[in-house]
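Top line first, the protein sequences correspond to chains A and B.
956 is the number of the first residue of the first sequence in our numbering; add one for each residue after it.
4 is the number of the first residue of the second sequence in our numbering; add one for each residue after it.
Hint data in this document are derived by calculation from the structure and do not stem from the laboratory.
Glycine included, every Cβ here is placed at the ideal spot set by N, Cα and C.
Please note that a few of the clues may not be correct.
Said to hold, decoys possible - To give a feel for the contact side, a few chain A residues facing chain B, derived at Cβ under 7 Å: (1) Asn1017; (2) Met1018; (3) Phe1095; (4) Gly1105.
Stated by the list, open to error - Restraint-style ranges between C-beta atoms, simulated for each label pair: (5) A:Val1124 with B:Val171: 34 to 40 Å; (6) B:Gly55 with A:Tyr1401: 44 to 50 Å; (7) B:Ala56 with A:Phe1013: 53 to 59 Å; (8) B:Ala56 with A:Ile1429: 54 to 60 Å; (9) A:Ala1383 with B:Thr72: 54 to 60 Å; (10) A:Val1368 with B:Thr230: 54 to 60 Å; (11) A:Leu1372 with B:Thr72: 32 to 38 Å; (12) A:Ala1059 with B:Val171: 44 to 50 Å; (13) A:Ile1376 with B:Thr230: 56 to 62 Å; (14) A:Ala1059 with B:Gly62: 24 to 30 Å; (15) A:Ala1157 with B:Asn249: 18 to 24 Å.
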Amino acid sequence: MEFIRNFPFFSVAVFLFSAVICSVLKPRAARIWTTAAEAVVLAFSLSVLIYTTSGDTFFRYNMGHFDAPWSNQLRAGPVEALAATSFSYVLLMSHIGGIRYAKADIEPKKQSAYCTLLNLVGAALMALSYTNDLFTGYVFLEILTLSSCGVLVIRRAGRTALAATRYMVINLLGSGLFLLGTCLFYGITGHLLMEYIRDGVATLEVTGDYAVPLTVTIGLVCAGLAIKSGLFPFHTWMPDTYGTATPTSSAVLSGIVSKGYIFLLIKIIYRVVGVDSAAMTSARHILYVFGIAGIIMGSIWAMQSAHLNRMIAYSSAAQIGYVFVGIGLGGQAGFTAALFQIIAHGLCKPLLFLSGARLSEASGDSTEFADLQGAAHRNKPAGLAFAVGALSMVGIPTLAGFAVKLFFAAAAVEHGLLVDIATLTALALSTLLNALYFVRTVIRIYTPSGNAPTNGAFAPTDGESARTRDPGLIAAAVGLTAGILLLGLMPGVVSGIISRGLALFA
Amino acid sequence: MSIRDKLSALLGFDIDFDAPVPPRKTETAAEQTPDEWRFSRRIMRAGGRRLGAIYKILGVICSVVLMSTLLLTVAGMPRYGVDQEYMDTVTYEYISHGMEYTGAVNIVSGIILEYRAFDTLGESFVLFCAVSCVLALLRADGADSEPERVEYRDISCDPILRRTMRAVVPIVLLYGAYVLLFGHLSPGGGFSGGAVIGAALIMIASAYGEDVSGRILTERVFKTVTTCALSFYCLGKSYTFYTGANGLHSVIGNGTPGNILSAGLIMPLNVAVGMVVACTIYGMYRMIGQRRF
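Turn these sequences into a full structure, and let the hints steer you where they fit.
The following block contains the structure:
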C-alpha cells in the first residue's frame, strides 16, 4: 500500500496527540505546537486531495487488523479530501488570525486548554471528513460539540455563559436525535459501516420491510444534524454565540464546525441512505423549505441588528440556509452548489469575524455601527479584508459569493417551475438584503468619522491599539482573501473536483 | 501570617493582589441588547399570557407527537433475536471468532478495544475533552476568581464517616483494580473499573477533606497520569492501526486466551482508559466543588 494512504488516519492522530501534549505545555509553546499541527494536517490533506484527484480514485483504510464489516474504517476520495483541506486551512487561518485576541480574551492559565480544545475541534473535523463508519461519526460529533462549546465558553464576558448554555442545549438535542437514528440504523440493517447500511436500506426498500422505522430513522438523522448545524428555526443560539466568543472561536464555529455537521449529513445522504431513496427525497424536500425560510429570515434579522457581530452571525443563519437549499434541490448540480457553498462560506465568515474584531478594536472595542464609522481608515488592512468578505457575501463577480449564487441558480433551473421560481426569488431577495446590510456596513466603515456622532467615551483620534501591528491577522486575511479570489476567479477548478468526486462518492 | 494568607484561608482560595486587570473591555449584558428581539418582545407584551399558554400547548403537542412516533417505530422494529437472521453477520462473527482473533475471553472488551478500537479512542477523548471544558469553564484564575463559594456543610470531620471510609475505601480500590486488570477475562474493563476507582477517590475526599485528598492527587499528578495514559493509548493504538492497515506484522501477540497476560494491548489499554476515567470523575468533583485542584 502506498504510504500516502496513511495520511487520513495521520491527520486525526496528529490532532489527537497534539491535544494531549498541549494540555501540559506552557501557553506560548502550546500555541506554536498547535499551529505546527494545523500546518502539518493541512499538508496531509492537500497531498490526499492531489493524490485522489489526479488519479480520480478513492481508497479505504482499515483501522486495525480486521477486514471491512468487522472493524472501523476510513475512506478518502476527492470530496472527503477537499472537505478536510478546506477545514484544516480555515482552522489554521482562524487560529493565527485571532492569536492576539485569544491572548487578551482568555485568562493566562486557560490558554493551553484553549489550544487543546482547538486541536480536538480539528481532530473531530478530520474524523468526520474521512470516517466511513456511522458510529465513529457519532463519537467525533460528540467531541466536536463539547470542544466547540469549550472554545466558546473559555472567554468569560457578558453573555457567554448564557450563550454557551443555549448552544449546548440545542446541540445536545441534535446529538440525541442523531444517536437514536444511528441505533435504529444498526437495529434494522445490522451494520455500522456506511456501504453495508446502504445495501441493507436498499434491500428494505425493495422488500418493504420495516418501512416505518426506516422513515423515522432518516427523519431523526436529518433533524439531528440540521439542528446542530443551525438551520432555521434552530439558529437562535447563533447571534449570542458568535457575538460574544473570542474571534478565533467565532470564526471556527461559524466557518467550519457547523459545516462539519452538514458534511456528515451529505455523506449520510449519499453513502448511507442513497440519493435516490424515496424517504430521503421527502426529507430533503422538508430541508429545502426550511432552507428557503432560513435564507430570508436570517437576512431580515441581520438587517435589523445594530451590532456588527450579531449582523454577521445572523447572516450565517442565512448562509446555512443556502447549503440546505442545495441539499434539497439534490442532483449533481444541487450537491455541487451545497459543497461549494460550504467551502466559500467557510472562507468568508472567518475573514469577516477576524477583520470585524480588528475594526471594533480600532473603534474603542465597540461593535455598534455608530462607533464603527471610519474604522477602515483607522485600520486599513482590516477595512480592506472586511470589504472583500462583505462584497463576496453580496455576490460581486470575481469573488466566491458570485460563483455560489451562479451554481445555485444553475441547480434550480433543472427542476420544475415552482421550485425554480421559489429558489430564484429567495436568491434574488437574499442578494438584495445582503447588499443592503453589507454594503451599508462597508460604506459606514469607509465614511470618514470627522464629526461623527459617537455614543460613548470613545474618541476616534486615539489609535493606540489600532496602530499596533498584527502580523497574524494580516497573514490570515491574505490567506483567506486568496482563497476567496481563487474560488471566485476559477470556480471551475473546485466545482470540477466536487463533481468528479461526487461520482466516486456514492 | 500575612493579611493575604488570612484572607485566603478565610475565603478558601488564593488571593492575588498583584493579578493583572483583564486587558480588554468586555461587553456586559446591557451593552449587547439584541435589538432584533424588540419586535418579538412587543408581541409577547401584546399577546401576554395567552401566547404563553399557546406556547405551552404547542410544546405538549410536539412532545406527544414525537413520543408516539418513536413508540410506533419501536413497535415496528425487528424482534430481538428472532427477525434478525439476515442482519446478524457482524454479531455472529464477533461471537464465533472474537476470542480466537483478539485473545480476549471477554468478547465485549475484544470488540471495544480491538475490532472497534478507533471508536473507543474517540470515547476516551470525549472524556478528556469534557475535563478540558470543565477546566475552561470553572477554573478560578487570579483576578477573575469568584469570591462567593458554594457553602455546604463540612462533613469531613465526622468520625462515623471516617471510620466507615477507612474500612470501605481499600476494598473499593482493590475491586476497581481487579475490574481494570481482569477486564479482558471477565465482565468489566476500563470504563467501569475507572468509575469505581474514581468513586473511591471521591470517598477519600469527602471523608478526609480537601487537605488530605489534595495531597494524594494534585493537579500535577492528575495531568501527568492523564497525559501519559492518553499518549500511550494514542501511540499504542496508532501502531496497531498502522500495521493493520498496511498489512504489516504486528509485534503484539494475542497470547493464550484466559491468561492474565494475554489479548495483546487490551489489558494495558484498559488500565489507561481506567486512569483517564478515574481522573475525569475525581477532577470534575474537585473542579465543581472547589473550582481548583
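Given the range 56 to 62 Å, decide if the beta-carbon distance of isoleucine 1376 (chain A) to threonine 230 (chain B) lies inside it. Taking Cβ atoms as reference, isoleucine 1376 (chain A) and threonine 230 (chain B) lie about 59 Å apart, which means the hint holds.
Does asparagine 1017 (chain A) hold up as a contact with chain B if the rule is Cβ-Cβ below 7 Å? With Cβ-Cβ at 5 Å, under 7 Å, it holds.
Assessment of proposed distance window 54 to 60 Å (beta carbons of alanine 56 (chain B), isoleucine 1429 (chain A)): Distance hint for alanine 56 (chain B), isoleucine 1429 (chain A) holds at roughly 55 Å.
The hint says 44 to 50 Å between glycine 55 (chain B) and tyrosine 1401 (chain A); measuring C-beta to C-beta, is that right? Cβ of glycine 55 (chain B) to Cβ of tyrosine 1401 (chain A): about 46 Å, so the range 44 to 50 Å holds.
Verify the CB-CB distance for leucine 1372 (chain A) and threonine 72 (chain B) against the hinted window 32 to 38 Å. holds (33 Å)
Determine whether the Cβ-Cβ distance between alanine 56 (chain B) and phenylalanine 1013 (chain A) falls within the hinted range of 53 to 59 Å. holds (55 Å)
Regarding valine 1124 (chain A) and valine 171 (chain B), is the given constraint of 34 to 40 Å on their beta-carbon distance met? holds (37 Å)
Given a hint of 54 to 60 Å, does the C-beta separation of alanine 1383 (chain A) and threonine 72 (chain B) actually sit inside it? violated (37 Å)
Beta-carbon spacing of alanine 1059 (chain A) to glycine 62 (chain B) - inside the hinted bounds 24 to 30 Å or not: Between alanine 1059 (chain A) and glycine 62 (chain B), where Cβ atoms are some 42 Å apart, the hint is violated.
Measuring from beta carbon to beta carbon, are alanine 1157 (chain A) and asparagine 249 (chain B) in 18 to 24 Å? About 32 Å separates the Cβ atoms of alanine 1157 (chain A) and asparagine 249 (chain B), which means 18 to 24 Å is violated.
Using the C-beta atoms of valine 1368 (chain A) and threonine 230 (chain B), is the stated range 54 to 60 Å upheld? Cβ of valine 1368 (chain A) to Cβ of threonine 230 (chain B): about 56 Å, so the range 54 to 60 Å holds.
Chain B contact restraint for methionine 1018 (chain A) - C-beta distance below 7 Å: holds (4 Å)
Violation of the numbered hints given earlier is confined to hints 9, 14 and 15; the remaining hints are satisfied by the structure.
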